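Trainee: All chains should be modelled from the sequences, with the hints used to inform the complete structure.
Quick note, the sequences are listed as chains A and B, same order. Numbered per my numbering, the first sequence spans residues 126 to 522. Numbered per my numbering, the second sequence spans residues 795 to 881.
Don't take every hint at face value.
Taking lysine-lysine pairs in the DSS-like style, the calculated list, with each CA pair at most 25 Å apart, reads [what the hints assert, rightly or not]:
no.: 1; chain 1: A; residue 1: 501; chain 2: A; residue 2: 466
no.: 2; chain 1: B; residue 1: 858; chain 2: A; residue 2: 322
no.: 3; chain 1: A; residue 1: 434; chain 2: A; residue 2: 356
no.: 4; chain 1: A; residue 1: 509; chain 2: A; residue 2: 465
no.: 5; chain 1: A; residue 1: 318; chain 2: B; residue 2: 802
no.: 6; chain 1: A; residue 1: 412; chain 2: A; residue 2: 501
no.: 7; chain 1: B; residue 1: 802; chain 2: A; residue 2: 280
no.: 8; chain 1: A; residue 1: 322; chain 2: B; residue 2: 802
These are computed hints drawn from the structure, not numbers from a lab. Only a predicted model underlies this, so the values are computations on that prediction, with no experimental measurement involved.
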Amino acid sequence: MKEFLEGSAAVARAVKLCKPGVISAYPITPQTHIVEELAKEIADGKLNSRFVNVESEHSAASVVLGAVATGVRAYTATSSQGLLYMSEVLFNIAGLRLPLVLTCANRSVSAPINIWNDHQDSISMRDTGWIQFYVENMQEIVDLHLMGYRLGEDKSIMLPVMVCMDGYILTHGIETVDIPTQEEVDRFLPAYKPLYKLDPQDPLTMGLLADPDYYMETRYAIQETHKDVVKLIPKITQEFYKVFGRQYNGLIEEYRTQDAERVIVGMGSVCGTIKDVVDELRSKGKKVGLLKIITYRPLPCQEIYEALKNIPKVAVLDRALSLGSYAPVASEIKAIFFSKKIKPKVISSFILGLGGRDITKDSIKEIFRLLNLKEKSGEFIDLKPELLRESIHGLDA
Amino acid sequence: MFGPLIAKPGTAKNNKTGSWRIEVRPKFLQTNCIACKMCVLVCPEGCITGGEKNTYICDYAFCKGCGSCAMICPKKDIIMVKEGSRE
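Mentor: Here it is, written out as C-alpha cells:
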C-alpha cells in the first residue's frame, strides 16, 4: 500500500516486516528516528522482538553479533562516529560470517563536528567485508533492506549488509513509498536458518584463534564470496520483481547512457538531482547520462566496465575522501579501466557535498561543463576559497 | 566460500604446539619425584601425565618448552635441557 512516509519511518516499516528477533542500537543523529520508531513498535506490542538498550555503538554491534551467532535475525542502525565506534566489531561480524542488516544514515565524520550528510563514515568501512548498498530514494531504501536480509542470509553468502542512506536528505525527507504486505515479505524472505549457531546443548567455538596456518584462507573465502554476491544480486532482484513487481538491476543503474558522450558516476541521493539535470540537458540536445552505483561492495567491476567503456567522457563524484590520495570511488573506476583497450578518453574526479554542503543542479551542470575540458583529478566543486588561509597566525586579527 | 570458521570442543588437540619450542625442553629425571602433581597443574598445555612417584612425563608434541614445570618442581626433579642434546 502506498503511504506518505519519512525515510526513517519507511526503514522502520521495512525492518519490522523482516521480523528481527533482536534489535540493538544507540541513538545518534540522523539515524535516531529509525530505532525510535522500532522501539515504539515493540513497546506497543506490534513487533515481537527484543530491544536491547546499550551504552554505546560498540556494545550495540556486539549485541547484534551475539544475537545472530545464536541463530536469531538481528538489526542495528547507526551513523558517523557511531559507525566508526562499531568498526572493530564490524570486521568481526563479517569475519565470523554472520548475516546482519545495518542501516547507515550517512553523515560526515568529526572534527570539526558536523551532523550533515556525506559518505565518509561508510566509505571508511569499505574494507570490513560487509556488502554495501547506496540508495537513491525512499522506495529503494525499503526494497534494499528486504533484499539485504535475503542476500546476506543466503547459504552461499553468509555476510552482513550495510544499507547506506544519505542522512537528512533521505532519513528526514518525506516521500510516497509502497510498503509491501507481510504476506508478500514472508513469501520473499523465509525465516532465518543459520548454518551454525551458538547452542549450549551442542557447543562449538566461533572466532577462535587462527594462526598463520589458517588466517589467510578465511580472508580469501570472503574475497571469493564477494564475487558470488555480484552473481547472486541479479537473481535476487529478479525474485523480488516476481513478488513485488518492482524491477531493479541491484548492482548499477544506467540512466540515459545510450549514445551519451558525457556521463556522471554517482552514489546515493545525489543521483536524483543528476537525473533531473540529465533530463534538462537532454531536452536541449546534449548527450549526457548517469551511472548510479548501488552496490559499492562488492564493486561490480564488469558491469561498470560494460556500462562505461564506450562513453568518451566520464566524471566520478565522491562525497568522501581518502585524505592524501585519490578520491575513493574515482580511483576504483580508474583501476577498472587500466590496461583495458576500449575505455573512456577522460575519467575526471570531482569531490563535492562534504559535510552536507548542498549539491545543486548548478553544481551538476558545472561538472558536465568541466568534463569538456582536460581531465581533472580530485577537483573540489563549490569550494569557498575565501575561507582558506595559508597561515594560522593572525587568523582572527 | 568459507574458510576455517568454527570448531567443536576438543579440537585444540589438532594444534601441535610442540613446534613452538625453540631452545630448551624439560627433562623428567624420575629420581626424586614425590608425585605432588604441581607440574601437571602449572603446565599451560596440560600435556604432563603420570600417577605414581617417578612416573611423570610430558608429550613433546604439545610441550612449548616454557619451563614452568621445572620452575615449580619442589625436588628439582625436572630440568631444562638444550633442544637437540642427548641428555
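Trainee: Looking back at the numbered hints, which does the structure fail to meet, lowest number first?
Mentor: 2, 4
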